[in-house]
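Listed below, chain by chain, are the residues.
There are 4 protein chains.
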Amino acid sequence: MSHPTGADDRFPAHPFDPFSDDDKLHEECGVFGVIGVTDAANFVALGLHALQHRGQEAGGIVAHHPDHGFNSARRFGYVRDNFTSHKVMETLPGPLAIGHVRYSTTGSKGNTAIRDVQPFFGEFAMGGAAIAHNGNIVNAEELRRELIGRGSIFQSSSDSECIIHLMARSYQKNIPERMKDALRRVEGAFSIVAMTRTKLIGVRDALGVRPLVLGRIGDGAWVLSSETCALDIIGAEFVREVEPGEMVVINGDGIESYMPFEPRKPRSCIFEHVYFSRPDSILGGQSVYETRRQIGVELAREAPVDADLVCPVPDSGTPAAIGFSQESGIPYAMGIIRNQYMGRTFIEPTEQIRNMGVRLKLNVNRALIRGKRVILVDDSVVRGTTSRKIKEMILDAGAAEVHFRIASPPTAWPCFYGVDTPEREKLLASTMSEEEMRAHLQVDSLRFISLDGLYRAVGEPKGRDARSPQYCDACFSGDYPVRPTDMEAKGFEFRQQEPAE
Amino acid sequence: MSHPTGADDRFPAHPFDPFSDDDKLHEECGVFGVIGVTDAANFVALGLHALQHRGQEAGGIVAHHPDHGFNSARRFGYVRDNFTSHKVMETLPGPLAIGHVRYSTTGSKGNTAIRDVQPFFGEFAMGGAAIAHNGNIVNAEELRRELIGRGSIFQSSSDSECIIHLMARSYQKNIPERMKDALRRVEGAFSIVAMTRTKLIGVRDALGVRPLVLGRIGDGAWVLSSETCALDIIGAEFVREVEPGEMVVINGDGIESYMPFEPRKPRSCIFEHVYFSRPDSILGGQSVYETRRQIGVELAREAPVDADLVCPVPDSGTPAAIGFSQESGIPYAMGIIRNQYMGRTFIEPTEQIRNMGVRLKLNVNRALIRGKRVILVDDSVVRGTTSRKIKEMILDAGAAEVHFRIASPPTAWPCFYGVDTPEREKLLASTMSEEEMRAHLQVDSLRFISLDGLYRAVGEPKGRDARSPQYCDACFSGDYPVRPTDMEAKGFEFRQQEPAE
Amino acid sequence: MSHPTGADDRFPAHPFDPFSDDDKLHEECGVFGVIGVTDAANFVALGLHALQHRGQEAGGIVAHHPDHGFNSARRFGYVRDNFTSHKVMETLPGPLAIGHVRYSTTGSKGNTAIRDVQPFFGEFAMGGAAIAHNGNIVNAEELRRELIGRGSIFQSSSDSECIIHLMARSYQKNIPERMKDALRRVEGAFSIVAMTRTKLIGVRDALGVRPLVLGRIGDGAWVLSSETCALDIIGAEFVREVEPGEMVVINGDGIESYMPFEPRKPRSCIFEHVYFSRPDSILGGQSVYETRRQIGVELAREAPVDADLVCPVPDSGTPAAIGFSQESGIPYAMGIIRNQYMGRTFIEPTEQIRNMGVRLKLNVNRALIRGKRVILVDDSVVRGTTSRKIKEMILDAGAAEVHFRIASPPTAWPCFYGVDTPEREKLLASTMSEEEMRAHLQVDSLRFISLDGLYRAVGEPKGRDARSPQYCDACFSGDYPVRPTDMEAKGFEFRQQEPAE
Amino acid sequence: MSHPTGADDRFPAHPFDPFSDDDKLHEECGVFGVIGVTDAANFVALGLHALQHRGQEAGGIVAHHPDHGFNSARRFGYVRDNFTSHKVMETLPGPLAIGHVRYSTTGSKGNTAIRDVQPFFGEFAMGGAAIAHNGNIVNAEELRRELIGRGSIFQSSSDSECIIHLMARSYQKNIPERMKDALRRVEGAFSIVAMTRTKLIGVRDALGVRPLVLGRIGDGAWVLSSETCALDIIGAEFVREVEPGEMVVINGDGIESYMPFEPRKPRSCIFEHVYFSRPDSILGGQSVYETRRQIGVELAREAPVDADLVCPVPDSGTPAAIGFSQESGIPYAMGIIRNQYMGRTFIEPTEQIRNMGVRLKLNVNRALIRGKRVILVDDSVVRGTTSRKIKEMILDAGAAEVHFRIASPPTAWPCFYGVDTPEREKLLASTMSEEEMRAHLQVDSLRFISLDGLYRAVGEPKGRDARSPQYCDACFSGDYPVRPTDMEAKGFEFRQQEPAE
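Residue numbers (full-length UniProt numbering), protein chains in the order written: chain A, 1 to 501; chain B, 1 to 501; chain C, 1 to 501; chain D, 1 to 501.
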């Protein structure tokens, strides 16, 4: 594209970064906002630290103080490295702040400029507003073309900037009304936190694909967060989820609730339960950890196998492996040890190190594995590259048999709702059956949990309602609840959602 | 103002920085552009290095390559530190590039954010454009309010961004036409270099207050630059000055010239000759060095004094001191030695060092000065703080008498055309007569060159034409050729220009 | 002390660094060396990365190349951040290299200068030698005084520099003989890797307190390493442990073995099995992971309790918790979740963050814990501060009961053999009985494994042989196998070792 | 050599750095010390800043405080960048400090490690001492071999470390006596500042080749400095020069003077007057500026030429050009303008920039030069590379004639006394006559001042006393007053000094 990119602010993508592993799906973002405390930005920094797993590439905070106006800081790298010093935090005074951690999905991928880092800020006729979102606006390119045609100048290549421009051009008098105007034009899956000089605003799209929760600190302070684990870190009390399609506007006097979208049956993202959310979060009333353990239980029922050990692929496979062990009675063991000193910064490796691949972050517990029949429990298989390397490590260490059990159904379709997925043809499950994948990976057995099994684990005893699915499971089913307008314009053919009853 | 400022990108102002000395006037910017060479950005970097005296705070380059589109790099600090590495320069490929060095005037002063660093870039319906300017748009705030009211979102607090937004909203089809549309709305003193994907554009305001010259490299490559010294560094040939009120549009086929403004009698800035331009530049057909030497000659005629030595205040007083010595026959000598290792980076001094003040960068040649009657030649007196310290140093070293000769008339009025001046009341000459200043500085004599003497030195044998002055000399005369609209709105009372014949 | 410390090279100690947690014992060092490969330094970097848990403060590598001589690089921070770029690794050419990771014990603690970072290098009359060690020389101060008195000038405040000076002053002709000369003077617990221009040397003290293993890559390359996990990362084959009291000298022709010390019955460190070594290492023929799981089994037998869940304190309590669950039949669960984004660099926290304490790195899985009777398995209790915070988190989350089970006996005595322990009075177990500690921590029960139970877990079915203990367990028993000379000089009273049979 | 060099601490040499221009001779060092003030290190920082022209590569300060002992900071780069922040200066408390700026001569040239940066520190039996020196120890390699053979371990590759080791091995009781012991063993040209916990020590070699002056602040504080300009910056009063062969020991009670060397007739370096010292310093009772102006006067007498302009090659040729103009009556003019933004940090230039060579820092004042007969006055010709480029620039600008006048005699011999000179064959004057050099440089005339003329300018009306020269002028005459022992061992044949009367 023809947008200029800051030569200096490129971020090095890296194959040895355990958190940018290209054989995982990546959540693009976490959002967090606080109103009513002294030095809100400090709370936001803590909240973002707890949400770091939702985006490690960059983070930003905007704060507002009655005397010092809006101030922002946006940086590449971890929250812990950027938003902890007095020097930075003192520049973000005030009782109201929002923040964002991002993993790039839209924007110049792998090559994000600092100006693509949220929150975005715009000055309008009646005052400024900042906005951050988690998700994806599926008609962002169409909107962008229209806005540029009318003379708007974009600062970034991010889809969320559209909302700011739509707000700037609204004829409404106040910012919440302008946001409603803007929201009526955007399509997609998104959770928004926004702020004016006096208000904290939260929005969840009509289907509630992406999560957003409301919390309270003491009497008069309020919090919006992608997950409950970020309420815990600041000692906030969980109040409720923001409802699908709801817009909450919070100021000193309390909360107002609006429903700016046409009502639809909610379909929140089921992959949040499988992988994205932290195990200590509570999502849709379910403990994420317990759901994952239960997936292991279901897997053990659906796909039992005679073996000596159940080992998680660290760390995301651990809860399901515990469940599998408990249901099957096969002992749980740490067969693979993760090097906890791997990190973002293992940059520019020598060729020799690059070729060592997965051993840098994982090592086999050789004494344990030798001669054993091993069940490996992993959360998902995307491209299959990591699974293959792990299998080789296990066999090199002398395992007698290797059985993979996967805590999600085959990932066969890309996500267009704010999750970074490879193109369809790169998804192993898009072109191979389970047995073909097993042969490809050269393991003794490979089984994925069924879609119904997964639904049972998240608390739907009857499994998936095929006529009106309870969750967005497009990555497994190809059933896309929101038409991916921009992608269609580029020729993507998607499997149309069955009409809801 | 309520614009958010990046917490991280503040630039430390510093009293010991010889180049940010608050007792000098500061040119805000230098501009440079090249079309038709391989790796134009390298040429721009060299040009900006030669123009560094026009702005040390920050610099930026935008380049365009047919395959790689627009790319930019903008940094705080010197060109030599930012735009010399392969790593940076390789990100700026292509045959067309423009650049900018800045000393902040508008924008958050002393506290510039990187987003205020030019060139600015905007994507329009028919393609992108980048723009950089030297000068000041005197109705920028008015335009900004209007544009925000219509839904434009500003990225920066710089006045030049208005031009980009006006262009974005123009109904013209091509960018040169859009720029003409935009230029008709802006008032002020400015020299612009801009670029589209295929064209290099130069504009000088109707009065030609700020300089802009055209150069050529070999057959097919063209250069625009604030000064000729930046043509020399890349071996370019000087072709001509861009005319006051002219807009040149250069592409592979040559140069087109337009006159988008109403014609007016030119009045270029006379202070460029006194201080801003480099002595090795040629300005309005005059050698800057020779003009300054001639000022010294005029001064010696206007204000002779019996003394032993003529010493320049380094380094800007040197040419006038040479001229004074030659005219008066009093020997020229280096009475004050400048420490060449002072620099931008002498940050965060201890209190003790702070109190040592001017000695850090200047030292008296004690053995030379002792017992002598010394004439000190300086380029200007702004607040008078430096003059006072220098006088003390010279007397401490045992001088018998100290006589100041100043190579410009008293600076009594602020500049609104792109030069950083203190508020009027801080200008020593705004409240004191020459004799009062002498008494204030406690020197044996103090004389400024007359306005007519200055005009003679720049090549007007009859001196200043009071009914229709040949130059903009508002800082000396209070005669402002362009109405400072925004400042008037804030209550500034200026002395109206006499109607030109 | 009066040694000058580089003002610039101080390392910030930090309470939120999970790896510098002052409620753990810290291994001071890991050592690694390779001979016979191309670019040995790359192998050393990988080995040190695998040994990073043994020291996170700093690391260093010295390499030798026949044409380029000795070269070194020593840095604060992680291996992954310092020894992975081409720029650094290319400066360390050659087929022979040694390296070191350190956690400061001696030297200016918390305030290490880069010159205290090993390996140390000295040029002798017949050529240079570099040396690195893990452990502690208990008569280092006495030796230092003597050497200074004779005119040696110390570069560092590290005890290992004594060995280099003793070697420099030896009258022996070759370096291995000089090292033997030097070793006869030093007392303590240490594993050394050293190198000359052509030889890789390994030494283990007479008791074999600190570990050192020998590995092989292909036919002609050899490796020395603190642990076997660092052989795995480079694909080296485990050959054997270096024997207590053995000195191996390796060159192109193979390995020579010497026994420079008076023979003694070995007593390797039992705490390596409990905490220091990585679970995927094999130590004294035992799988570290399996030993720790077995400690959990023993604990469940020695100290059973009726409860709902067995939860590890992450991550070091995990293997013992698995064993406890398996032996007791009480389900294993992840009750405490560790934030994997904590790290070294969470520097300079705001006061607010500092007060949040342990929550930054640990969060309770609230949905799981509520109403449950929870057994928490941790590896050790040092000061008790962390245990107390964890107990509070668990109770805040609504646990019905909290039972601590500790995978080591009470740590009642400081270690003088290369492990960073607090002063005796800061060790909770030095002043309290088990029941007093339980009351202090305000938990429902607290039980440590017995010393005999620990010996059984490490493979001594009859437990500890009180007349001639099989391991060094001074931190539990106060039975110090090597007289801590320097500490005695400072007044430390230690419990003398019972005479071995 | 086989000494390990820190991979990280290499300093990039750079052809575009005006201060590392390889066509100049370079002074290796400046030294400075203070006793008796609060926070002596701040004074040392200021003094080193004023001495920065004597060494830009690196600087170091050691301070001593009764409570905090010795502390040091040593850094690459400018004083202004390293020794001005509170953070650094607060780590250097105490009333006694010494410092050093260096340009590498010995040590790994162009590749200095931080451990080669002075002052050096050593801990002896009776306390520590720090030492810094300017000059060169001509038998350093011989001493080093001897000391290593006896078991000393060197930290650096610098010759001054020998003195510390000789002191450490002395049997004398106090440090001044140990230093005398050490000084008796070293040969060469050196000015030393050293410190113990309570004493500031200054030493000048027997011939007084390198300068060292004594100053006083108020009543009880004393200063040692390479030049008087560094007394001025801190407001210290000049007391006297340290005498050739003198050792001064200063403490709270005053100054003791010793003469540890065999008496010899002094021969201080004449090149200090020509180039090394700052023009505002007073050296041997002479104003350096006035001496240089007088050299110009002598040159105009010895080598007159008919021309239009006298132009200095900036900046070092300026005083002589002024003198030449005054004596000849030919107008002085700034024909060459120096870009004051060149600096250390113009690193890693693109190939294109590299080829532009000297234009980056110098530009011709074209309007002035065109058609003129120009006399260029430069301080010296070393390799002749710069002279040639300057000549080309001047001719390109249209000069009618170019005449070079050089303010020193032909530099035909290398310096072994602390000045960085190329090997003999690289010195233009070692192989060519004056006329051959003129032809080589292709200029209309080229004349050097005669050795006698130079002596007259420094105040010897009868010129050089050939039987017993008043100065060290070995670089011009090949008459080396101290036998360069190490260089002889390497085969250098030098012209023996004529026996003094």
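Keep in mind that the hints were calculated from the coordinates and are not lab data.
Please note: incorrect hints may appear among the correct ones.
Claimed, not checked - Take a look, some chain D residues computed to stay more than 10 angstroms from chain C by CB distance: (1) S152; (2) I217; (3) S257; (4) Y258; (5) Y275.
Unchecked claim - Below, in silico cross-link-like pairs of lysine-lysine (PhoX-like), each with a Cα-Cα straight-line distance of 20 angstroms or less: (6) A:K490 with A:K462; (7) B:K87 with C:K173; (8) C:K462 with C:K490; (9) B:K490 with B:K462; (10) C:K173 with C:K199; (11) A:K87 with D:K87.
All C-beta atoms in this analysis are idealised placements derived from N, C-alpha and C, irrespective of residue type, glycine included.
Consistency of the hints with the structure:
Taking the minimum C-beta to C-beta distance to chain C, about 7 angstroms, the non-interface status of S152 (chain D) is violated against the 10 angstroms cut. The claim that I217 (chain D) lies off the interface holds: its Cβ sits roughly 24 angstroms from the closest Cβ of chain C, which is beyond the 10 angstroms cut-off. Every Cβ of chain C is farther than 10 angstroms from the Cβ of S257 (chain D); the closest lies at roughly 28 angstroms, confirming the non-interface assignment. Look at Y258 (chain D): its CB is around 23 angstroms from the nearest CB on chain C, clear of 10 angstroms, so calling it non-interface holds up.
The Cβ of Y275 (chain D) lies farther than 10 angstroms from every Cβ of chain C, with a closest approach of about 33 angstroms, so its non-interface assignment holds. Note on K490 (chain A) and K462 (chain A): the hinted pairing is violated, with a Cα-Cα distance of about 38 angstroms set against a maximum of 20 angstroms. Taking the CA atoms of K87 (chain B) and K173 (chain C), the gap is near 51 angstroms; set against the 20 angstroms cutoff, the hint is violated. Between K462 (chain C) and K490 (chain C) the alpha-carbon distance is near 38 angstroms, which puts this suggested pair outside the 20 angstroms criterion.
Between the alpha carbons of K490 (chain B) and K462 (chain B) the distance comes to roughly 38 angstroms, so the proposed pair goes past 20 angstroms and is violated. About 15 angstroms separates the Cα atoms of K173 (chain C) and K199 (chain C), which keeps this hinted pair within 20 angstroms; it holds. Among the hinted pairs, K87 (chain A) with K87 (chain D) is consistent with the structure: their alpha-carbon atoms are about 14 angstroms apart, no more than 20 angstroms.
Checked against the numbered hints above, the structure violates hints 1, 6, 7, 8, 9; every other hint is satisfied.
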